[in-house]
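**Student:** Since the structure of chain A is already known, use the hints to place chains B and C on it.
Line by line, the protein sequences give chains A, B and C.
Going by my numbering, the first residue of the first sequence is number 387, and it counts up by one from there.
Going by my numbering, the first residue of the second sequence is number 105, and it counts up by one from there.
Going by my numbering, the first residue of the third sequence is number 550, and it counts up by one from there.
No wet-lab data here; the hints were simulated from the structure.
Model, not experiment: these values are computed from the prediction.
Careful, some of the hints might be misleading.
[Unchecked claim] Derived, one-sided and incomplete: chain B residues facing chain A with beta-carbon distance under 8 Å:
(1) Leu-201
(2) Gly-202
(3) Ala-311
(4) Val-313
(5) Ala-317
(6) Leu-324
[Stated by the list, open to error] Within a straight-line C-alpha distance of at most 25 Å, the following computed DMTMM-like cross-link-like pairs (lysine to aspartate or glutamate) qualify:
(7) Lys-842(C) / Asp-822(A)
(8) Lys-891(A) / Asp-669(C)
(9) Lys-147(B) / Asp-669(C)
(10) Lys-507(A) / Glu-631(A)
(11) Lys-147(B) / Glu-580(C)
(12) Lys-404(A) / Glu-580(C)
(13) Lys-744(C) / Glu-160(B)
[Claimed, not checked] Chain A is nowhere near these chain C residues, computed Cβ spacing over 10 Å in every case:
(14) Leu-581
(15) Gly-590
(16) Ala-600
(17) Gly-666
(18) Arg-667
(19) Gly-687
(20) Gly-713
(21) Glu-730
(22) Ala-752
(23) Ile-814
(24) Glu-824
(25) Ala-827
(26) Ala-861
(27) Ala-866
(28) Ala-869
(29) Gly-875
Quick reminder that beta carbons are idealized off the backbone N, C-alpha and C, glycines included.
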Amino acid sequence: MNIPFAITLDVGSSLANKTGNWRVERPVYVDRLPACNQACPAGENVQGWLYRAEEGDYEGAWRVLVEENPMPAIMGRVCYKVCETSCNRAQLDEAVGINAVERFLGDEALRRGWPFAPPAKESGKRVLVVGAGPCGLSAAYHLRRLGHTVTIVDSERDAGGMMRSGIPVYRLPRDVLTAEIDRILDLGIELQLGTRVSNVEKARAEGGFDAALVAVGAQLSQRAEIPAGDSARILDALRLLRSVEDAEPLRLGRRVAVYGGGNTALDAARTARRLGATDAVVVYRRTRERMPAHDVELEEALAEGVQVRWLSTVSRADAGTLVLEKMRLDETGFPQPTGEYEELDADSLVLALGQNTDLSLLEDVAGITVDDGVVQVGPDLMTGHPGIFAGGDVVPGERTVTTAVGHGKKAARRIDGWLRGEEWRPAPKHELASFDLLNTWYYSDAPRTVRPQLEPARRRTTFDEVVGGLDETNALFEARRCLSCGNCLECDNCYGVCPDNAVVKLGPGKRYQIDYDYCKGCGMCVAECPCGAITMVPESI
Amino acid sequence: MREQIEGSQAVARAVALCRPQVVCAYPITPQTHIVEALGARVKEGSLAPCQFINVESEFAAMSVSIGASAGGSRAYTATASQGLLFMAEAVYNASGLGLPIVMTVANRAIGAPINIWNDHSDSMALRDAGWVQLFAADNQSAVDLHIQAFRLAEELSVPVMVCVDGFSLTHAVEGIDVPDQESVDSFLPPFVPRQRLDPDEPVTIGAMVGPEAFTEVRYLAHARMRRALDLMPVIAAEFAAAVGRGGGGLVEPYRLEGADLVVVAQGSVIGTLCDAIDELRDEGISVGALAVTVYRPFPVDAVRAALAGARRVVVIDRALATGEGGFLAADVRRAAPAGTPLHGVIAGLGGRPVTRASLRRCLEEASRGLLGELAWLDLDTTLIEKELAGLPGGTDVHAGPHAG
Amino acid sequence: MPTAPVKFYQVGSFAAGNRLIDPSLRTVQSELTRSNSLTSGHRACQGCGEALGARYVLDAAMRASGGRLVVVNATGCLEVFSTPYPETSWQVAWLHSLFGNAPAAASGVAAALRSQGRTDIRVLAQGGDGGTVDIGLGALSGMFERNDDVLYVCYDNEAYMNTGVQRSGATPPAARTATTETVGPEPGNVFGQGKNLPRIAMAHGIPYVATATVSEVHDLENKVETAMGIHGARYLHVLVPCPLGWAAPTNQTVHLARLAKETGIFPVLEARDGEVTAVSAIRHQVPVEEYLKLQGRYRHLFRPEPRTEVIARIQAAADANIARYGLVSDDATEPPAGGAP
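Bound conformation, chain A alone (with noise of 0.2 Å):
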């Protein structure tokens, strides 16, 4: 066409009218930290593996979750779920059940036999690590996966550590645990049962190992000084449960009495009603609020027909009865005694006080300082002994599995920059995902999925596992209730919201790009991002 001058115009000519100097502030793709992912005390990146777990693809999401834990199928039974209790999600319906999903990973992953990738390559290093708990395993697993070779010592007959003695079955089957036990020493691990390290040092210099990492757990019950009669029978929690591990469970009568307020508690009193105990019967002096056992167990726990006496300390015991003291909560919430009294009928009574760690293996090693019953180490999980480190249980910090999980990460991180003779520098952390950033609007409402239970009437004869597994549709519905708090989802949002279509795509997992030609800086990018994965920063003019 021979168009007239200037009224008629070729299209798309106005390229060549860069409106990006317009700008006064720039916007900027980032990732931030989800909340999960900061909460985790194993260090999970969450929200990555939900990522490909969203897509269905859920081999790449066993993959990215092994990356910092290799026992998913544990953790998504045993895990106390913080991450779930910081979830953005909660303020918009419900948390995610981040836990649910790793647990069908976790499964998925046995049941499809999938393996951990082996090292790339040997270091020619040895480490020894002394405890084949949650953090020994963890450890080793991570040693060996950036080439160590490790060994494993332990003084059980069985690995696994407060795992296996400690989570009764109906929590944790033992064939799950067996088996994600075995994929890690598949990795070609050893591992030495039946034998205690008496002194660490002297293992790892007889043994040949460039480090070593204490990771023996506390299995020492903690007692408690209660006037008894000859006849009343008082027992430990650990020994209980340990007794049904060996399949050798010890008699408790028809009323059992639990004394404490914490998870191993509320196993016992648990495990006590599948033992055939009409009177499950929890003995704590302080209150619900206050009780340390996770609300989780307690729930499941009452739903089971176990009772608690709150605000109560046992002050005798005899053969079929106990007294009981009432307390009451100074203005600190420490309980002060009452001085008023009351019986409860108990065949047995089962001590739940908490868990010593037993350190004889560091006695003799110079620069070791113990406080408190743990070890004193540094951020680096070192001990004051070179070359010695030590997690879990045996270091101050909360006592779960996942803490443990996360110290071995820790741990063989730190063994491995130590071998290396790099310096430990703590990487600099994401600025947090927080709610106030995302743009919530976008996200469809749906409810979680909740997990089948078993119902209470059965598990309380049986020690089935009680909280049953997603199936694939719902661990899918589940993950994609997932919000990538601070980490860009492609949906095209921002590339779909420019009014000066100043983003570019580009293309599946690759993400966007801003095209300062055009972009006038707006911000409607980062304000109508859902997932808060874009940020302005001022125009250096």
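**Tutor:** This is chains B and C only, laid out in the frame that chain A set:
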């Protein structure tokens, strides 16, 4: 074949012969018979695939025409008077966009006071809207000019207004030779737009142009308009060749040979004027006439050539630039030889008949040098004087000499 | 757009795209191959809702027509910011004639295409609220009445923004404009019946009338696609917030459109042959105050002291919309977008 038909019907047939693709219409007297006739032809199917659109206003009529023309179709509409003014914005827009729309203006006065009868106020109001304006002296000319208008418009990418006097032509039944389709087809090829809305070759039509290029845009439009003065005689000659009669072009002289007094006019008054001139010539008065066919662009050179031998010029305007005088007179003044006395005559406003007798009296006065610079044909001076007497300033308003 | 029973609780229903669903179920705006009918380099203000809305609509119309589209544009911001010589931002065949004649010019284009037998080419006309509800209303009504084969799209930013924010027939009550200043005993625009053009369009009995906003691109594109699937006169009224005229931050354009819908101030609906056939339910109803307080044009309703009675009148109007169209319902359905993976 010559036949007796109404002017509007003849124009409608001429337009139909041009195979318009979109015709839109809004009723206004005295233009309605034309579009009624075209509407009937479209409805009966004889003009297929032409689209006939009944619009809701003249503004829409021109706007639909703009869209149709930009869409690549030959577009036609007709209007008059208030209707032309109501579409004024779109009239300018059509020319600004260079869209070769052809529009009939059935010339009619503009209110207030409202008046449905013939004069040229409407066309004059929009004489500088960037359209070529052709004035028909009679219905044969109206027919011929419409056919030539499409050719001119499309060759130049300029819209063309064909001005046909309301009632005196549109409603007059005369013997008219309407060409046959074959002749018209040989003269007027199918419309090939210079630009059109086309998804296969998309362009932006109607950009905003600022000071940096607006003057150049206007210059180019001006240059294109001026080309009409060269092109129109060529087109007229080709038309004559195609249909076997006619001719003409920019202006039509009548008995100019040796004329001391030349009367310039346009529209249907030409017929009466020629009769008056015949009588005056018979009486020995040396007078001739010049009909201006192409009024915009104004054919200065052709008019100057025609007036070369004139000693005195009279210009009849059928519209008034209030407070000033005649439009045509102002244009002719530019073309008249320097020093030649020029008398403007305002005649036939709002449908007042321009009679041969009145014209004769007027021209006789002119030939005797008695006519002033601005004269009024058949003005009721008694009434005027009475009215003016009541005004501040009294009768001291220069009404000028008049033929009464 | 086909719908599927499986919902994607992440972002499938509302965001432009979603990597988890079939590409055919994502919006046109999420696609690499969208036409960008209005391309970069245009001179619209930062955060312009009209630029956004126009691209949404035209890209969807281009997709629906297989690229066989011509566009007629009324005078206004959209025309001015997109076509200053020597550059145009349009990538479609586009005509600008006048302020008040876009519907008529579009009718002419449609007639031309019909006369040429090129009926595969579709005609879309567009303008702002001034060009639509005021100066172009006569032409629009004529186009409706004749049922010309044109989709007319009004980008409503509720005032004459191009000329410096003067009141239009679409300016809401109490809003400040340059011709309804915040002075005197009743500052801002007067309370009146307004000009509800969607209802006026419905009264013409044309085959399709719909409203939408720039905050829900799935809904908007669905409506464009539906409209493009129908022949005859169709009308789409799109609310496009204007950061300049509404005195709002440039990043709030989409959010304000969302609030206009979620308050009930701007009902989002569809009508066929003059009858309302579907409404888009309010997801999370919010009081009008939430919407008003974000906009400088309503500042005088909050400072120096709150004009609670004025806010209450605006709330009453929103409530009336909610009641009239049933915008809040217990079984409110979410817009479909998902599909099985």
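**Student:** Each hint: holds or not?
**Tutor:** Here is how each hint holds up against the structure:
The interface hint given for Leu-201(B) is met, as the beta carbon of that residue sits about 6 Å from the closest beta carbon of chain A, less than 8 Å. For Gly-202(B), the interface hint holds, since its Cβ comes within 8 Å of a Cβ in chain A; the closest pair sits about 5 Å apart. Annotation: Ala-311(B) was flagged as interfacial toward chain A, and the flag holds, the nearest CB pair being 5 Å apart, inside 8 Å. Residue-level restraint check for Val-313(B) holds (minimum Cβ-Cβ distance to chain A is 5 Å; threshold 8 Å).
Annotation: Ala-317(B) was flagged as interfacial toward chain A, and the flag holds, the nearest CB pair being 5 Å apart, inside 8 Å. Taking 8 Å as the C-beta cut-off, the interface hint given for Leu-324(B) holds, the closest approach to chain A being about 6 Å. The suggested pairing of Lys-842(C) with Asp-822(A) holds, with an alpha-carbon distance near 19 Å, which does not exceed 25 Å. Under the criterion of a C-alpha separation no larger than 25 Å, the hint pairing Lys-891(A) with Asp-669(C) is inconsistent with the structure, at around 31 Å.
Under the criterion of a C-alpha separation no larger than 25 Å, the hint pairing Lys-147(B) with Asp-669(C) is consistent with the structure, at around 23 Å. At roughly 39 Å between alpha-carbon atoms, Lys-507(A) and Glu-631(A) are farther apart than 25 Å, so this suggested pair is violated. At most 25 Å may separate the alpha-carbon atoms for a hinted pair to count; Lys-147(B) and Glu-580(C) exceed this at roughly 46 Å. Distance hint between Lys-404(A) and Glu-580(C) is fulfilled; the C-alpha atoms sit about 23 Å from each other, no more than 25 Å.
At most 25 Å may separate the alpha-carbon atoms for a hinted pair to count; Lys-744(C) and Glu-160(B) meet this at roughly 20 Å. Against the 10 Å criterion, Leu-581(C) falls within the reach of chain A, whose nearest CB is about 5 Å from its own CB. With a cut of 10 Å on Cβ distances, Gly-590(C) falls inside the contact zone with chain A, its closest approach being about 3 Å. Taking the minimum C-beta to C-beta distance to chain A, about 4 Å, the non-interface status of Ala-600(C) is violated against the 10 Å cut.
The beta carbon of Gly-666(C) sits about 21 Å from the closest Cβ of chain A, which is more than 10 Å, so the claim that it is off the interface holds. The claim that Arg-667(C) is not at the interface with chain A holds, since no C-beta of that chain comes within 10 Å of its own (minimum 16 Å). In this structure Gly-687(C) is separated from chain A by more than 10 Å, as the shortest Cβ-Cβ distance comes to about 26 Å. Once the 10 Å rule is applied to beta carbons, Gly-713(C) is consistent with being away from chain A; the minimum gap is 19 Å.
Non-interface status of Glu-730(C) relative to chain A is upheld: no Cβ of that chain comes within 10 Å, the nearest being about 27 Å off. The non-interface label for Ala-752(C) is consistent with chain A: the shortest C-beta to C-beta separation is roughly 33 Å, beyond 10 Å. No beta-carbon of chain A is positioned within 10 Å of the beta-carbon of Ile-814(C); the least distance is around 17 Å. For Glu-824(C), the non-interface assignment is confirmed: its Cβ lies about 30 Å from the closest Cβ of chain A, beyond the 10 Å cut-off.
With a least beta-carbon separation of about 19 Å from chain A, Ala-827(C) lies farther than 10 Å from that chain, consistent with its non-interface assignment. No Cβ of chain A comes within 10 Å of the Cβ of Ala-861(C); the nearest lies about 26 Å off, and the non-interface call holds. No beta-carbon of chain A comes within 10 Å of the beta-carbon of Ala-866(C); the shortest separation is about 23 Å. Separation of Ala-869(C) from chain A is adequate, the least Cβ-Cβ distance of about 25 Å exceeding the 10 Å criterion.
Taking the minimum C-beta to C-beta distance to chain A, about 20 Å, the non-interface status of Gly-875(C) holds against the 10 Å cut.
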